[in-house]
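**Q** If you read the protein sequences in the order shown, they are chains A and B.
Residue numbering for the first sequence follows the numbering used here, starting at 1 and increasing by one per position.
Residue numbering for the second sequence follows the numbering used here, starting at 336 and increasing by one per position.
Hints are computed from structural coordinates only; laboratory data are not their basis.
A portion of the hints provided could be inaccurate.
[What the hints assert, rightly or not] Residues of chain A placed beyond 10 Å of chain B at every Cβ, according to the derived structure:
| id | residue |
| --- | --- |
| 1 | A22 |
| 2 | W33 |
| 3 | A92 |
| 4 | L95 |
| 5 | K126 |
| 6 | G134 |
| 7 | A148 |
| 8 | E154 |
| 9 | T182 |
| 10 | N244 |
| 11 | A264 |
| 12 | S277 |
| 13 | H320 |
| 14 | G324 |
| 15 | R325 |
[Claimed, not checked] Below, in silico cross-link-like pairs of lysine-lysine (DSBU-like), each with a Cα-Cα straight-line distance of 30 Å or less:
| id | chain 1 | residue 1 | chain 2 | residue 2 |
| --- | --- | --- | --- | --- |
| 16 | B | K444 | B | K365 |
| 17 | A | K59 | A | K110 |
| 18 | B | K1077 | B | K822 |
| 19 | B | K712 | B | K672 |
| 20 | B | K344 | A | K301 |
| 21 | B | K943 | B | K931 |
| 22 | B | K712 | B | K693 |
| 23 | B | K344 | A | K93 |
| 24 | B | K1101 | B | K964 |
| 25 | B | K444 | A | K59 |
| 26 | A | K301 | A | K59 |
| 27 | B | K344 | A | K267 |
| 28 | A | K59 | B | K344 |
| 29 | B | K658 | A | K301 |
| 30 | B | K672 | A | K280 |
| 31 | A | K93 | A | K280 |
| 32 | B | K712 | A | K59 |
| 33 | B | K825 | B | K599 |
| 34 | B | K964 | B | K825 |
| 35 | B | K444 | A | K58 |
| 36 | B | K365 | B | K712 |
| 37 | A | K280 | B | K444 |
| 38 | A | K58 | B | K344 |
| 39 | B | K344 | A | K110 |
| 40 | B | K344 | A | K280 |
Quick reminder that beta carbons are idealized off the backbone N, C-alpha and C, glycines included.
Each chain, letter by letter, is given below.
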Amino acid sequence: MTQSNVMDLDKRRSAATSDEEARNPGMALALDWIDEIRVNRSAAERRVTTLAGRRTVKKQWQAAWLLKAVSCMDLTTLAGDDTEGRVRRLCAKALQPVRPDLLEALGADKLNLTVGAVCVYHAFIKTAGDALEGSAVPVAAVSTGFPAGQSPFETKLKEIELSIADGAGEIDIVVSRRHVLTADWRALYDEVKAFRQACGPAHLKVIIATGELGSIGKVAKASMVSMMAGADFVKTSTGMESVNATLPVSLVMMRAIRDYHERAGHKVGFKPAGGISNAKTALQYLILLKEELGDDWLTPKLFRFGASRLLGDIERQLEHFATGRYSAANRHPMG
Amino acid sequence: MSTTAEIFKTMEYGPALEESSYVLDWLRGKADGFKHFIGGEFVSGKDGAEPIESFNPATGEKLAEYPAGGKQDVDAAVAAAKAAFPSWSKLSGHERARYLYALARLVQKNSRFLAVLESLDNGKPIRETRDIDIPLVARHFYHHAGWAQLMETEFPDHEPLGVVGQIIPWNFPLLMLAWKIAPAIAMGNTAVLKPAEFTSLTALYFAELCREAGLPPGVVNIVTGAGETGELIVKHPEIVKIAFTGSTEVGRIIRRQTAGAGKKLSLELGGKSPFIVFEDADLDSAVEGLIDAIWFNQGQVCCAGSRLLVEESVAERVTQKIKRRLQSFRIGDPLDKAVDMGAIVDPVQMERVEALVKQGEREGGKVWRPDIPLPSKGCFYPPTLISDVSPSNTAMREEIFGPVLVSMTFRTLKEAIALANNTRYGLAATIWSENINRALEAASQVKAGVVWINTTNGFDAACGFGGYRESGFGREGGREGIHEYIKLRKEWGAVETPAPTPEISEISSVAEIDQTPKQFIGGKQKRPDWGRTLPIASHDGKYAGRVGLGNRKDIRDAVEAAFKAENWATTTGHARAQILYFIAENFSRRAGEFAKRLTQLTGATKAKARAEVDATVVRLFSYGAWADKYDGLAHSPPQRNVVLAVNEPIGVIGIVCPDAAPLLSFASLWAPAIAMGNRCVVVPSERYPLLATDFYQVLETSDVPAGVVNIVTGERAPLTKTLAEHNQVEAIWHHGPAEESKFVEEVSAENLKRVWTNNGRARDWKSPRTGEGREILRHACEVKNIWLPYGD
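Can you make the complete structure from the sequences, with help from the hints?
**A** What follows is the structure in structure tokens.
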């Protein structure tokens, strides 16, 4: 590790400490806030469709925004055939997501670019932790019976505790969709609150599985209840549903985050996950984020992409910008 | 210039300019000046007037110049259109459809060129021209290629009008051209179009596309120029129809200038459209909708949602959300792909906007603007919010036609509607609520030709667009729009000759007990205001009785009674049908009496008189039948929504009846009016008013609510004058001499009432083809298009 990296790491640690103070503490369940929520799907869709024509970034702006996307990425592997070797390879990529010569060409070599986190199953927390040792990149673990969330409640709490013990800095939990589908907001609140307590200092990302909630209004309500219960992030999807992150659903979650911030005074992060596989889509998310939540959210502290394939396309786009030639996949080291 | 590393920290947007060099090259190729497009050729202006210069409003740079069309130019264009009409109108619908299809394809093939040119010329953002204007242009030609194809089967017994004159504004230059040209030529008309003097470039490029499509010479003619050129078109004797989109002020002038000329007229004018936000709306989406409503095309949109009405309980939150949203608003080079708003079309327009904002501020409005950068040069005006305004504030009443929103609050739905309708205009309305009952209730009550529920500024070729009240008349788009460019074959006969009025030889009592026919106002028999009567002659000069000699106060009272009978508008079609059948039933019982009266007054044979009475019974039955059958449509625009085209009553209709077939024509006029839910003030034939005064006894016994039908007898001309001038009368159906038609059309310009006049011609009331049905019901209704997106 270079000297500057160590200094940078120190800075990030101190930032994390002050960040700790600003962490969303949650609040009592306010059912009247939930009742007031109204979401019009057609209007949400129109917003994201027209935004694509209202905002765009080109040239060095695009390159910078794509680097930002990399820094906000939860590089993820969640497959039945994951092995330690596979996870170590992913971690190596997390620490050096973009070819150094390319970063130099972009004038971005001083940014000490890494991804936002590495996201794995519980079994690989230690492997990932070892591989990322000395860096500021945390290990995120999916938990609580991911992806369906149908295991016993006690088991879920135990799973979180074990993951924390193994060194996970972030826990991505799934909610019991039945609570949302039956509009049992109290049960959802209690569940997420219990998970938050189990997490202790580790950050809690709450996956509400938007693709399984049946209505866009439920997405907003589930997000709001999760934030009241103390979520550090709300996250769209496991990546395993038939429909994962979409821009309209993300818009609705971002607006819920904004409302919560305006009314409760706490900033909550957002993580779209699943299906975001190219640079253009990533830029659309960042633009939506900037427009709806503002520049404060354009940081890995408050925004993450859950993605496994996105990085490859971003690398190719960056090379195109740096050289003027369209790139090829095999020119970039795989993760 | 920022570096990648710096931008990584600031996360700012950078410039993202659309390539425009190839369009500028094309303009440089026209440095000698553009020409008119007449008879398929580009021809220089003949009148030697100073050419018009066109500027890029974002930079002030001159883009081009084109001729100011004079008399010779307009005459030549009309002559070319006239020459093209016979063969063009005789082509089969399919043959015309092929040309429209080709034009649609050519617009698509040149879409980016057109988008860039439009943005350069008008100052609107490339996002709008690229994503909205030009795709809608192509869509309009596609859709109307379809109507050309289907004309023979869908509009049987109809024919094109002839040479139509079309005058379009600068806010949607090519889109308005498409809205005018596509339906006109699809239906077999030929057109002379004048684009706006600020923005003629895309029209001139379109002329090149017409040549490329092989459109026969003269079918489309484009004459550039300013208001004087427009006036030449409006007044041209060979032009049979004028279609105009622009300001209400100019619309009124055109109404006056075309009065009595027998020209068909459609006007799409100004607005001050309400944008209503209920507390149960998706407020974030409503605010974003507002951005699309008033800050679309720099607010230079006739249907802009410029009056925000927000429920008091959420007003503060909505205001905060608007302010927050505007802080990230971006204004800049219209060719930048990352701006919300471009340049105002011309310095003149910007001065007007600024003056109205200042006025609104002086009258107590609170002006707020976001702290965002504006380009240092060019016609840029910041998004502006004026709050704390009362309905009397100038900024609340006048169409500003700029990026300026005025806002006020309401407490209940009823109050929201009252405020929404408290305007001379009636173009569009936007309603935000997640409660379908509330939204549809508001939609049904708001006076507007287009209503958007939980969306805004939806446009499509399949849907009708156009206003109520002083926002103009006629519709563009959809089936309803087609009727602006066709007419029923042989709808009118020769000149209507008024019935002779013989000298009455001797006035004496004719009945055993003297009868006193009166005015029929508000369901009551009323003595004429000034207590005077008029003797009526029988066909052979004998005294037949007296009727009230009505004056302007009788008309005033009758209109007042009609206005108050507003519940009739919401009475169900079924209930209205019951009443019309009941009128027919009670009338038929007295058939013999009415036949005798006809014979007495007109000298008709017994058989003929009886035939007219029988025909009247049939006619009343017809409108009983129609009362619940003149259905609207469900349009299918290419989005996930349904658009309901609802036929609504117009309101108070003034009806002036002819002498011909006096009983049948009398019933044939008020029956369709009330069948559709209108209330009317009827001036019966001056010569045969006793038929009408006999008839009110039938009305009295038939459960017709008070004020639905009012009858004022007397001299036709002065009564007509008062009706035509009355600003509460929303439509006038006039059957009288031609010079009176001219007068009626002229004075109707004041409140832009809908005028249906015979221009002195006769109509065959006996024939069901011209005497009843859809051709007449169309005059009795406004079409309201309600946009309902759905999805959960």
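**Q** Look at each hint and say if it fits the structure.
**A** Status of each hint after checking the structure:
1. A22: holds, 20 Å
2. W33: holds, 13 Å
3. A92: Per Cβ check, A92 (chain A) is outside 10 Å of chain B; nearest 23 Å; holds.
4. L95: Non-interface label on L95 (chain A) holds, nearest chain B Cβ at 18 Å vs cutoff 10 Å.
5. K126: Fine: 32 Å to the nearest Cβ keeps K126 (chain A) off the interface.
6. G134: The claim stands: G134 (chain A) keeps its Cβ more than 10 Å from every Cβ of chain B (closest is about 23 Å).
7. A148: holds, 24 Å
8. E154: Label holds. Min Cβ-Cβ 36 Å, cutoff 10 Å.
9. T182: The assertion about T182 (chain A) holds, with a minimum of 17 Å to chain B.
10. N244: With a cut-off of 10 Å, N244 (chain A) remains clear of chain B, as the shortest Cβ separation is near 19 Å.
11. A264: At roughly 15 Å from the nearest Cβ of chain B, A264 (chain A) sits farther out than 10 Å, so the non-interface label holds.
12. S277: holds, 22 Å
13. H320: holds, 14 Å
14. G324: holds, 15 Å
15. R325: Holds, because the least Cβ-Cβ distance between R325 (chain A) and chain B comes to about 18 Å, which exceeds 10 Å.
16. B:K444 x B:K365: holds, 21 Å
17. A:K59 x A:K110: It holds: about 19 Å lies between the C-alpha atoms, which stays within 30 Å.
18. B:K1077 x B:K822: Distance of about 20 Å is within 30 Å: holds.
19. B:K712 x B:K672: holds, 19 Å
20. B:K344 x A:K301: Holds. K344 (chain B) to K301 (chain A) sits at ~14 Å (cutoff 30 Å).
21. B:K943 x B:K931: holds, 11 Å
22. B:K712 x B:K693: OK: K712 (chain B) and K693 (chain B) at ~22 Å, within 30 Å.
23. B:K344 x A:K93: holds, 23 Å
24. B:K1101 x B:K964: holds, 22 Å
25. B:K444 x A:K59: holds, 28 Å
26. A:K301 x A:K59: holds, 26 Å
27. B:K344 x A:K267: Holds, at about 20 Å.
28. A:K59 x B:K344: It holds: about 16 Å lies between the C-alpha atoms, which stays within 30 Å.
29. B:K658 x A:K301: holds, 27 Å
30. B:K672 x A:K280: holds, 15 Å
31. A:K93 x A:K280: holds, 21 Å
32. B:K712 x A:K59: Holds, at roughly 25 Å.
33. B:K825 x B:K599: holds, 15 Å
34. B:K964 x B:K825: Holds - the C-alpha atoms of K825 (chain B) and K964 (chain B) are around 25 Å apart, at most 30 Å.
35. B:K444 x A:K58: With Cα atoms ~26 Å apart, K444 (chain B) and K58 (chain A) stay inside 30 Å; holds.
36. B:K365 x B:K712: holds, 26 Å
37. A:K280 x B:K444: holds, 25 Å
38. A:K58 x B:K344: Given pair K58 (chain A), K344 (chain B) holds - Cα atoms ~16 Å apart, limit 30 Å.
39. B:K344 x A:K110: holds, 12 Å
40. B:K344 x A:K280: holds, 20 Å
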